[in-house]
Amino acid sequence: MRYRFNTEHYEMSKRIQYFISMERFEKARSIASDLISKYPEFPDGYYLMAICEYHVGRIDNSIELCQNALKYGISPFTVYVAMMFYYIEKGDYDSVEQCYNQISNVYSKDADARALYGFSLWKRGKKEEGIRMMEEAFSKDYTNTIVLQCLLHACKKRGKDYLRELVGIYMNTKASEKNKLLFAGKAEAYLGNWRKAKKIFEKVLSIDPTNKEAKGFLKLIKMERCVVNIGICVTLAAVFCFFVYDKMILKVLGLFLILLYFAIVGTMHVLRKNPLL
Amino acid sequence: MDKIELINKLIEANPEDSNAWYLLGLEYAQNNNIIKAVDAFLEALKYCDDSIKNEIVTTLSNLSKSLYSNNKESVSNDNSQDPLNLQKYNDVEDNENCQNREKLSEDLELNKKEVSDKPVSFKVIEGKRKEYVPLDEAKDKSITFSDVGGLDDLKDILKMQVIKPFTSQKLYEKFKKKLGRATLLYGPPGCGKSLIAKAIAGECKANFIPVRITDVLEPYFGVRPEKIKERFSKAREKSPCVLFFDDMDMIGFNRAKVSSENTRHVINQFLVELEGIQSKNEKILVIGATSMPWDVDPALIRPGRFDRLIFVMPPDLDSRKEIFALKLKGRPIENIDYRLLAGRTQLYSGADIENVVEIAAENAINSIMKTGTERKIGMRDLLLAIDKTNPSTLDWFGIMETYLKYGSRSGMFKEVEVFLKKYKRYLGG
Chain S
1 MRYRFNTEHY EMSKRIQYFI SMERFEKARS IASDLISKYP EFPDGYYLMA
51 ICEYHVGRID NSIELCQNAL KYGISPFTVY VAMMFYYIEK GDYDSVEQCY
101 NQISNVYSKD ADARALYGFS LWKRGKKEEG IRMMEEAFSK DYTNTIVLQC
151 LLHACKKRGK DYLRELVGIY MNTKASEKNK LLFAGKAEAY LGNWRKAKKI
201 FEKVLSIDPT NKEAKGFLKL IKMERCVVNI GICVTLAAVF CFFVYDKMIL
251 KVLGLFLILL YFAIVGTMHV LRKNPLL
Chain H
1 MDKIELINKL IEANPEDSNA WYLLGLEYAQ NNNIIKAVDA FLEALKYCDD
51 SIKNEIVTTL SNLSKSLYSN NKESVSNDNS QDPLNLQKYN DVEDNENCQN
101 REKLSEDLEL NKKEVSDKPV SFKVIEGKRK EYVPLDEAKD KSITFSDVGG
151 LDDLKDILKM QVIKPFTSQK LYEKFKKKLG RATLLYGPPG CGKSLIAKAI
201 AGECKANFIP VRITDVLEPY FGVRPEKIKE RFSKAREKSP CVLFFDDMDM
251 IGFNRAKVSS ENTRHVINQF LVELEGIQSK NEKILVIGAT SMPWDVDPAL
301 IRPGRFDRLI FVMPPDLDSR KEIFALKLKG RPIENIDYRL LAGRTQLYSG
351 ADIENVVEIA AENAINSIMK TGTERKIGMR DLLLAIDKTN PSTLDWFGIM
401 ETYLKYGSRS GMFKEVEVFL KKYKRYLGG
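Line order of the protein sequences matches chains S and H. Mapped onto the working numbering, the consecutive letters of the first sequence carry residue numbers 1 to 277. Mapped onto the working numbering, the consecutive letters of the second sequence carry residue numbers 1 to 429.
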């Protein structure tokens with residue numbers, strides 16, 4: 001069955017896209033569900049439903065819906081890129097590679113796909129190869145927000161100048177103000193400037209109080225402050241136990257408390273380096 | 001005049017021929033015999049079908065406009081002369097059934113008051129076009145505050161801040177106080193914001209024009225500024241009226257959250273229209289409602305725009321009692337302690353209470369099916385249902401707390417802050 005423009009299903013799909021752009025995924029989902037039941041062979045319905053499902057946290061459903069969209073003849077490129085994204089989220093890097101191969105069979109390798117594949121390689125431990133691919137994607141399209149996001153995450157150890165340059169480029173893309181702030185916040189967090197990052201994430205929450213990344217980061221900072229406070233108490237208690245009491249068991253307890261504290265500080269240090277894992 | 005005679009013969013042969021009446025009206029209008037033309041058009045309207053109704057209505061409204069422009073001076077100089085328009089009203093009233101009679105006399109009263117502003121005969125057309133008015137626009141006029149259970153504090157606030165300024169406009173004009181400020185109702189979903197907006201219209205005895213996202217959404221362009229303009233024009237035609245924007249967060253979405261430029265134009269159009277109402281003191285009350293105030297563009301909630309922010313809180317104890325009584329009405333019930341139920345459902349929205357009642361009814365039906373003995377819905381069913389559910393407003397308050405903490409809104413949402421402090425223990429803060 002062929003679907004033409006300016007008909008009900010196209011109007012419905014545009015409406016869904018509008019709600020998706022406003023992050024009203026439940027609303028978009030209900031229209032997408034209508035669209036699928038009315039036009040079960042219209043592939044865009046499945047693809048749009050997949051986006052909604054992903055945002056409400058049902059990645060497996062998203063992947064299944066993408067496969068349906070492919071079955072009914074949607075342009076494969078967009079769907080494969082989306083699927084790569086979902087598979088990365090799931091940690092299924094073999095499937096990411098399969099999607100990438102499918103794309104490269106049909107299209108010349110695009111920046112999005114290349115960056116995502118590079119990112120999956122980087123995640124798998126093939127750091128150099130991954131970064132090389134992401135940089136190739138960057139040279140193809142330096143304003144692509146997906147490419148920039150991948151590079152920011154993978155090259156966070158490259159130093160202040162590199163990250164600041166990425167932030168500068170991202171600020172000139174068409175991304176929304178909220179996304180720009182998120183990007184800058186992440187960069188500051190990777191650089192270890194937690195105070196700056198905190199301020200930026202607070203701004204993000206003033207625009208979007210439901211943002212999970214910003215909330216997570218602020219929670220982490222709160223936790224760190226708690227650890228510092230508890231740490232002082234634990235150290236004092238440990239020193240007291242060690243020096244004041246003669247009993248062996250209390251000395252061991254004191255040592256244990258000190259070691260426990262160092263373990264917590266070590267964990268915090270790792271989190272500090274990767275605050276947005 | 002030959003034409004007119006010919007058409008008259010046609011009408012004699014078939015007095016219910018709407019086309020003939022319409023043609024006769026056109027002929028009379030061409031000959032400047034306006035009274036007869038209006039008569040003929042009204043007859044045509046009586047017998048016509050939907051296919052030409054619009055055409056007749058348009059012609060009639062054009063006629064009334066031209067008549068108005070010709071007679072404006074004489075009408076405004078001497079209201080007691082009004083031989084044409086008001087007489088027409090009476091004629092029409094005689095022909096209408098009893099249901100329309102009341103509306104027409106109301107319109108007549110309105111027109112008498114506003115004769116210097118509007119052509120009176122236009123109202124006749126409005127009455128005839130009743131079936132073109134969307135259902136809820138006509139129906140919603142009858143809803144008043146008496147239909148909203150409880151929430152007495154909120155009703156008082158609305159009476160003083162929204163209804164009184166709208167109904168006592170002369171007092172405001174005397175003090176050169178601008179009227180046209182818009183009101184934004186916000187609060188958790190399911191707490192009756194839309195119902196309250198309808199009740200405001202009913203209290204103001206004004207027309208109610210609801211605008212939903214689907215009314216202004218064009219599939220290929222998102223929300224179009226032209227559509228917003230259209231709605232305001234419609235409101236002007238139907239003034240006095242309450243123009244109600246449901247889901248304001250989607251119509252005036254925060255520009256900081258999207259990369260598209262389109263929302264900028266929509267918000268600009270909104271601001272232009274609101275400015276227009278304010279400067280001309282038009283009899284339009286603009287009300288918006290949202291359950292996501294954080295998603296409304298900050299430009300829209302600055303002074304002079306949607307600057308009256310009114311918090312529609314979850315129902316209070318008395319309201320919850322009333323809602324329980326309302327939802328259980330007509331169901332088989334026994335020994336219901338409404339006070340206890342209301343006390344156990346702190347922060348529950350109206351929709352949550354409805355859900356509790358549904359679960360309780362389901363429990364009762366299940367037990368009847370299992371035991372085979374019939375029984376009524378009792379307190380046990382309802383309390384069990386309450387235990388199974390949580391207030392859906394909790395998430396909303398959680399988000400609002402974050403928003404108030406990090407967004408510098410300079411006391412705009414003070415009522416929520418007070419509410420959060422009051423119910424801290426329920427909210428887990």
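For the record, the hints were derived by calculation from the structure and aren't laboratory data. Please note that a few of the clues may not be correct.
With a straight-line Cα cutoff of 30 Å, these simulated DSSO-like cross-link-like pairs (lysine-lysine) come out [stated by the list, open to error]:
| id | chain 1 | residue 1 | chain 2 | residue 2 |
| --- | --- | --- | --- | --- |
| 1 | S | K27 | H | K229 |
| 2 | H | K257 | S | K140 |
| 3 | H | K229 | S | K174 |
| 4 | H | K227 | S | K215 |
| 5 | H | K257 | S | K219 |
| 6 | S | K203 | H | K176 |
| 7 | H | K227 | S | K222 |
| 8 | H | K227 | S | K174 |
| 9 | H | K155 | H | K176 |
| 10 | H | K159 | S | K212 |
| 11 | H | K229 | S | K198 |
| 12 | H | K170 | H | K238 |
| 13 | S | K203 | H | K414 |
Label-pair ranges, simulated between beta-carbon atoms [claimed, not checked]:
| id | chain 1 | residue 1 | chain 2 | residue 2 | range |
| --- | --- | --- | --- | --- | --- |
| 14 | H | D395 | S | N229 | 25 to 31 Å |
| 15 | S | V228 | H | P303 | 24 to 30 Å |
| 16 | H | E218 | S | D34 | 48 to 54 Å |
| 17 | H | L6 | S | K38 | 51 to 57 Å |
| 18 | S | E11 | H | A299 | 46 to 52 Å |
| 19 | S | T173 | H | L340 | 54 to 60 Å |
| 20 | H | A325 | S | E26 | 41 to 47 Å |
Note that the coordinates shown come from a computational prediction; the quantities given were computed from them, not determined experimentally. The beta carbon of each residue, even a glycine, is placed where N, CA and C say it ideally should be.
Results of checking the hints against the structure:
no.	hint	verdict
1	S:K27 x H:K229	holds (25 Å)
2	H:K257 x S:K140	holds (27 Å)
3	H:K229 x S:K174	holds (28 Å)
4	H:K227 x S:K215	violated (37 Å)
5	H:K257 x S:K219	holds (23 Å)
6	S:K203 x H:K176	violated (40 Å)
7	H:K227 x S:K222	violated (47 Å)
8	H:K227 x S:K174	holds (26 Å)
9	H:K155 x H:K176	holds (26 Å)
10	H:K159 x S:K212	violated (40 Å)
11	H:K229 x S:K198	violated (42 Å)
12	H:K170 x H:K238	holds (20 Å)
13	S:K203 x H:K414	holds (20 Å)
14	H:D395 x S:N229: 25 to 31 Å	holds (30 Å)
15	S:V228 x H:P303: 24 to 30 Å	violated (43 Å)
16	H:E218 x S:D34: 48 to 54 Å	violated (19 Å)
17	H:L6 x S:K38: 51 to 57 Å	holds (53 Å)
18	S:E11 x H:A299: 46 to 52 Å	violated (29 Å)
19	S:T173 x H:L340: 54 to 60 Å	holds (58 Å)
20	H:A325 x S:E26: 41 to 47 Å	violated (31 Å)
Figure legend: structure checked against the earlier numbered hints; hints not met, in rising order: 4, 6, 7, 10, 11, 15, 16, 18, 20.
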